[in-house]
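Novice: Residue numbers (this note's numbering), protein chains in the order written: chain A, 17 to 343; chain B, 17 to 343.
These are calculated hints, taken from the structure and not from any lab test.
It cannot be assumed that every hint is accurate.
In this list, chains with the same sequence are indistinguishable; a pair is considered to hold if it fits within one copy or across any two.
[Said to hold, decoys possible] Only pairs whose alpha carbons sit at most 27 Å apart, straight line, appear in this in silico DSS-like list of lysine-lysine:
#1 Lys41 with Lys154
#2 Lys217 with Lys339
#3 Lys230 with Lys165
#4 Lys230 with Lys154
#5 Lys248 with Lys282
#6 Lys335 with Lys248
#7 Lys248 with Lys154
#8 Lys124 with Lys41
#9 Lys230 with Lys171
#10 Lys225 with Lys121
2 protein chains.
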Amino acid sequence: MNPDQQQFEKTGARHIGQSADGIAKVLAPGTVANLVCGFDILGMCLDEPNDLMEIRLLNEKKIIIHSADGYPLPLDPAQNTAGAPLVEMISELGTPTGFEVTIHKKIKPGSGIGSSAASAAGAVVAANYLLGNIFSKKDLVRFAMFGEKVASGVKHADNVAPCIYGGITLIRSIHPLDIISIPAPDLFVTIVHPQIEVRTKDARQILRKEVLLKDAIRQWGNIAGLVAGFMKGDLDLVGRSLEDVIIEPVRSILIPGFDEVKSRCKEAGALGGGISGSGPSIFMLSRDEATAIHVESVMQEIYNRIGLDYHTYVTTINKTGVKILQE
Amino acid sequence: MNPDQQQFEKTGARHIGQSADGIAKVLAPGTVANLVCGFDILGMCLDEPNDLMEIRLLNEKKIIIHSADGYPLPLDPAQNTAGAPLVEMISELGTPTGFEVTIHKKIKPGSGIGSSAASAAGAVVAANYLLGNIFSKKDLVRFAMFGEKVASGVKHADNVAPCIYGGITLIRSIHPLDIISIPAPDLFVTIVHPQIEVRTKDARQILRKEVLLKDAIRQWGNIAGLVAGFMKGDLDLVGRSLEDVIIEPVRSILIPGFDEVKSRCKEAGALGGGISGSGPSIFMLSRDEATAIHVESVMQEIYNRIGLDYHTYVTTINKTGVKILQE
Numbered sequence: 017m018n019p020d021q022q023q024f025e026k027t028g029a030r031h032i033g034q035s036a037d038g039i040a041k042v043l044a045p046g047t048v049a050n051l052v053c054g055f056d057i058l059g060m061c062l063d064e065p066n067d068l069m070e071i072r073l074l075n076e077k078k079i080i081i082h083s084a085d086g087y088p089l090p091l092d093p094a095q096n097t098a099g100a101p102l103v104e105m106i107s108e109l110g111t112p113t114g115f116e117v118t119i120h121k122k123i124k125p126g127s128g129i130g131s132s133a134a135s136a137a138g139a140v141v142a143a144n145y146l147l148g149n150i151f152s153k154k155d156l157v158r159f160a161m162f163g164e165k166v167a168s169g170v171k172h173a174d175n176v177a178p179c180i181y182g183g184i185t186l187i188r189s190i191h192p193l194d195i196i197s198i199p200a201p202d203l204f205v206t207i208v209h210p211q212i213e214v215r216t217k218d219a220r221q222i223l224r225k226e227v228l229l230k231d232a233i234r235q236w237g238n239i240a241g242l243v244a245g246f247m248k249g250d251l252d253l254v255g256r257s258l259e260d261v262i263i264e265p266v267r268s269i270l271i272p273g274f275d276e277v278k279s280r281c282k283e284a285g286a287l288g289g290g291i292s293g294s295g296p297s298i299f300m301l302s303r304d305e306a307t308a309i310h311v312e313s314v315m316q317e318i319y320n321r322i323g324l325d326y327h328t329y330v331t332t333i334n335k336t337g338v339k340i341l342q343e
Numbered sequence: 017m018n019p020d021q022q023q024f025e026k027t028g029a030r031h032i033g034q035s036a037d038g039i040a041k042v043l044a045p046g047t048v049a050n051l052v053c054g055f056d057i058l059g060m061c062l063d064e065p066n067d068l069m070e071i072r073l074l075n076e077k078k079i080i081i082h083s084a085d086g087y088p089l090p091l092d093p094a095q096n097t098a099g100a101p102l103v104e105m106i107s108e109l110g111t112p113t114g115f116e117v118t119i120h121k122k123i124k125p126g127s128g129i130g131s132s133a134a135s136a137a138g139a140v141v142a143a144n145y146l147l148g149n150i151f152s153k154k155d156l157v158r159f160a161m162f163g164e165k166v167a168s169g170v171k172h173a174d175n176v177a178p179c180i181y182g183g184i185t186l187i188r189s190i191h192p193l194d195i196i197s198i199p200a201p202d203l204f205v206t207i208v209h210p211q212i213e214v215r216t217k218d219a220r221q222i223l224r225k226e227v228l229l230k231d232a233i234r235q236w237g238n239i240a241g242l243v244a245g246f247m248k249g250d251l252d253l254v255g256r257s258l259e260d261v262i263i264e265p266v267r268s269i270l271i272p273g274f275d276e277v278k279s280r281c282k283e284a285g286a287l288g289g290g291i292s293g294s295g296p297s298i299f300m301l302s303r304d305e306a307t308a309i310h311v312e313s314v315m316q317e318i319y320n321r322i323g324l325d326y327h328t329y330v331t332t333i334n335k336t337g338v339k340i341l342q343e
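Generate the whole structure from the sequences, applying the supplied hints.
Specialist: Encoded structure:
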C-alpha cells in the first residue's frame, strides 16, 4: 500500500463521542532520529522506553493536560508537546470536540530519544482512535509536528513519523510531507543516555551551513547503502554504511566519551551507530541480543570510569509504533 | 549472494589459452552515470546502444588494439580505454598472456552515455571469459576503472560497474571498492544526445567545492527515496525522488535546451530524468514504451527547433550487462 494513503484500521460503527467510555490508553515509544548518515531524514522506532498516556474524549472544544507523575510539563495546551497537536486536530475537525490528556512521562526530556515526539504522537494516535480513526497516519504526523515545533522551534518529522508508523521511516521531504516506510530487519538496539544537557537548538547551531561536496557525496553513498542494506536485510552492508562524515564529527564533541563509546562498541561486535537525535544519547545496532548486552556493558564501563550518571537500554526495533492498550 | 563474492559462472574445464578458438565477441552497452540525485554513486545499464568487440587470446604478454571502423582510437594500449584495463589484468596474471582487441565503436565518445566504460568493461569481461572466468565482477570493475582514468583522468566506477553488473548499481565507496546491485524495475529509457561537446573535465571543473547543508540534506533524502522506490517498485516514489538540487542546476547550463527538455518530457508523462553522466546526453525514465516514444518525439521537436544535430534512443534497462555473443 502507498504509505500516503495508509490509514489505521477504521474502528467501525463507533462515531465521534460514542466510543465505549471515551478513554484510550497508549504506549508512546522512544525514537532515534538522525540515523547516522540519515541526518534530518531517517528515524527508527524503539520498543523501549515508552511514555504512558491516557486520553479522554470531551464534547467541547477544549484541551486539558495533566502530568501524572509530577514532571514539570507546561500545562498550557499550546505550549505542551501533546497539547499543540491536539489543538491543531480539533481546529481542523470544526466540531465541539476536545481531549483531556494525562501523561506519565517515562522518556526523559532532553535525552535525544524522542521524548517530545512520544507525547505528540501518543496524543494524536489516541485521539484519532477515539474519533474512529478518521485521520491517516500522514495526517497524524502533520498534527504531531506542531508538538515538535513547541519543543524545539522546528517542525521536523524524523521522530514523530517513526513513532506513528513504527519501524524505520524516511522523511524524503517536509514540504510536501513525504514519508516512506523502510522495511526494518530484526536488530537489537543499545542506548546509553549520559546525563548531560545538549539542547537541540545548540546542536543545530554548531553545524556548518556549508559542507564539502566530496563529503556530501560520501554521505549520500552511505545513505543509499543503508537503505539498500535495510531492504535487502544485508547487515554487513548496514554496518559499512553506518558512517556519518558531516554531522557526527561536529556534534560528537558535545558528548563526553563519544569516540570511545563508538569505537569500543564496534570492537564489541556492534554493527555501528551514532548520536541519537541531537544527543546526548548514543545508540548502537547489533545483530543479536547477546552482543547488544555486551555493548551495554562496554557503555556502562566507560561512563562509570568517566564518572557521569547515565541510563542504558537494550531494546529492539518497534515495528508498529504507538500502541493502543485499551479503551 | 553478496555482490562482493559474486563471480561469473566458471566456464569449466577450459584453461588459459585452451578456449575453443580463443576468440570472444561481446556487446558492451552504454550506461547512464550520475543518476540524477545519485551523482558519483549511482549508474544504470542500457540495452542500447552497444559497442561490438572481438577479443582474441594471445600466448604472449602483449595487448594489441584495432579500430574496426576507422574511429580514431588511440592504439597504444596504455592510452586506450580498452587497453589500459587489460594491461592491468595481464600484469596481475603474471603468465605469458595477452589479448588482441578489435573495437567496433558504436557509442560515440563524448556522448555522456559511457562510451569509454563500454570499451573498458567489454574488454575485461571478454578477456575474463577467455581465461575461464577466473576474476570476480568486482575485480573486473577494478581493472576497468583504469580505462576510465585514461579517458577522463579519474578512476570512477559509476559507468563500468553497471556495464559489468547490469541493472542499477550503487558505488557506495571507491576506496575500498563497494558495489551494490539495486534491483531495477522494468522501465523504459529515452535518451537524446545533442551533438555538442561537453568535456568531462570541464563538467567537473564548474562544480562548486562546497554545497549548502540544506541542499545536501534534500539530496540525500532524494537518493534514499530513489533507492527505496527502485527496490519497492514504487514508481511514483521514483518519480518524486528524481530531483537533483546540487549538480544539475550548475551543469545543465552547458546543455542548450536542457530545462525545456526536462519540463516538457515530464509533461509528456516521463517519471523524470536528468543529465546522463556529465552530459550532453539527457535521459528520461518512463513507465511504458508508448510514453518513452512520445518523450522521444518531444526531444526531437525541441532540438529540431533549436537547430542542433542530435541522436535519440528509446531503450530499456539492461539487467545483465556486457553480453558474450559467441566464442
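Novice: Are any of the numbered hints broken by this structure? If so, which, sorted upward?
Specialist: Per hint list: 2, 10 violated.
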